[in-house]
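Residues 178 to 357 (my numbering) make up the sequence shown, in order.
These are calculated hints, taken from the structure and not from any lab test.
Because the structure is a prediction, the values reported are computed rather than measured.
Check the hints yourself; a few may be wrong.
Once the Cα atoms are required to be at most 30 Å apart in a straight line, the calculated DSSO-like pairs of lysine-lysine come out as [claimed, not checked]: (1) 286 - 351; (2) 349 - 209; (3) 286 - 189; (4) 189 - 351; (5) 189 - 349; (6) 351 - 184; (7) 286 - 184; (8) 349 - 286.
Here are the in silico distance ranges between beta carbons for each label pair [unchecked claim]: (9) 290 - 210: 31 to 39 Å; (10) 181 - 321: 48 to 56 Å; (11) 241 - 319: 36 to 44 Å; (12) 186 - 319: 48 to 56 Å; (13) 218 - 350: 31 to 39 Å; (14) 192 - 313: 16 to 24 Å; (15) 286 - 195: 24 to 32 Å; (16) 206 - 317: 30 to 38 Å; (17) 199 - 320: 34 to 42 Å; (18) 308 - 349: 37 to 45 Å; (19) 352 - 268: 28 to 36 Å.
Note that beta-carbon positions come from the ideal geometry of N, C-alpha and C, so glycine has one too.
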Amino acid sequence: MSQTAIKATHTKILAEMVVFVALANVLYLISKFYLPFLHLPQGGSITIASMVPLLWFSLRRGLRWVVEAGIIYGLVHMVISGDIYYPAQIILDYPLAFGALGLAGAFQKQPMAGVAVGIAGRFAFHFISGVVFFGQYAWAGWNVFAYSAAYNASYLVPEFVIDAFIIYLLLKTKLLRIYM
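Please model the entire structure based on the sequences and the hints provided.
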């Protein structure tokens, strides 16, 4: 492949990345303003499939591109959501957690496993953040590990179900591979 063709391909993928990151943020904002009851007090929410664009992009383009897109999304999301409690928490809850969605790209031949791994990667970083930074919010009688696991699972499990269902529909309609 010539240098010009490689640059054109990279430009196409970068443009696609921008669109998918923007779409993920738009879906998050719609959820935030029209479904405010699905947002938890210390951050986290069940959204209208706001992770689908990043997961879709990951399954289309592979690991490298979506880790970058996830980090960019995480930084934009941080500015939009404003759920910042500690400076070090920013790294775990935003670029690393959303960058972990890119793990789905390692499972392009098994997309549903990719969705599960991507969401599990996001859960892992939110779980660590919950243990390290949010232990004081643990419910009475709960240790910090159980609290962090339950708190983060309370929105990420429904988010996984919603996202997996939509990715499944995209696979069945063959939209996941459109314009490749």
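Against the structure, the hints come out as follows:
Between residue 286 and residue 351 the alpha-carbon distance is near 14 Å, which keeps this suggested pair within the 30 Å criterion. Proximity of residue 349 to residue 209 is assessed by CA-CA distance (about 29 Å); at most 30 Å being required, the pair is judged to hold. Distance hint between residue 286 and residue 189 is fulfilled; the C-alpha atoms sit about 22 Å from each other, no more than 30 Å. Restraint check for residue 189 and residue 351: the C-alpha separation of about 20 Å stays at or below 30 Å, so the hint holds.
Restraint check for residue 189 and residue 349: the C-alpha separation of about 25 Å stays at or below 30 Å, so the hint holds. Using a Cα cut-off of 30 Å, the hinted pair residue 351 and residue 184 holds, with the two alpha carbons roughly 27 Å apart. A distance of roughly 26 Å separates the Cα atoms of residue 286 and residue 184; the hinted pair therefore holds under the 30 Å criterion. Distance check on the hinted pair: residue 349 and residue 286 sit about 14 Å apart at the alpha-carbon level, within 30 Å; holds.
At about 33 Å, the beta-carbon gap between residue 290 and residue 210 stays in the expected band of 31 to 39 Å. Our hint of 48 to 56 Å for residue 181 and residue 321 holds, since their Cβ atoms are close to 54 Å apart. Between residue 241 and residue 319 the beta carbons are some 39 Å apart, a value that agrees with the proposed interval 36 to 44 Å. Judged by the Cβ atoms, the range 48 to 56 Å given for residue 186 and residue 319 holds: they are separated by roughly 50 Å.
Here the CB-CB span from residue 218 to residue 350 is close to 37 Å, well matched to the stated 31 to 39 Å. Between residue 192 and residue 313 the beta carbons are some 44 Å apart, a value that contradicts the proposed interval 16 to 24 Å. In this structure, residue 286 and residue 195 meet the distance hint of 24 to 32 Å, their C-beta atoms being roughly 26 Å apart. Checked against the given bound of 30 to 38 Å, the beta carbons of residue 206 and residue 317, roughly 34 Å apart, stay inside it.
A hinted range of 34 to 42 Å holds for the C-beta pair residue 199 and residue 320, which are about 40 Å apart. The supplied range of 37 to 45 Å is met by residue 308 and residue 349, whose beta-carbon atoms lie about 38 Å from each other. At about 34 Å, the CB distance of residue 352 to residue 268 agrees with the hint of 28 to 36 Å.
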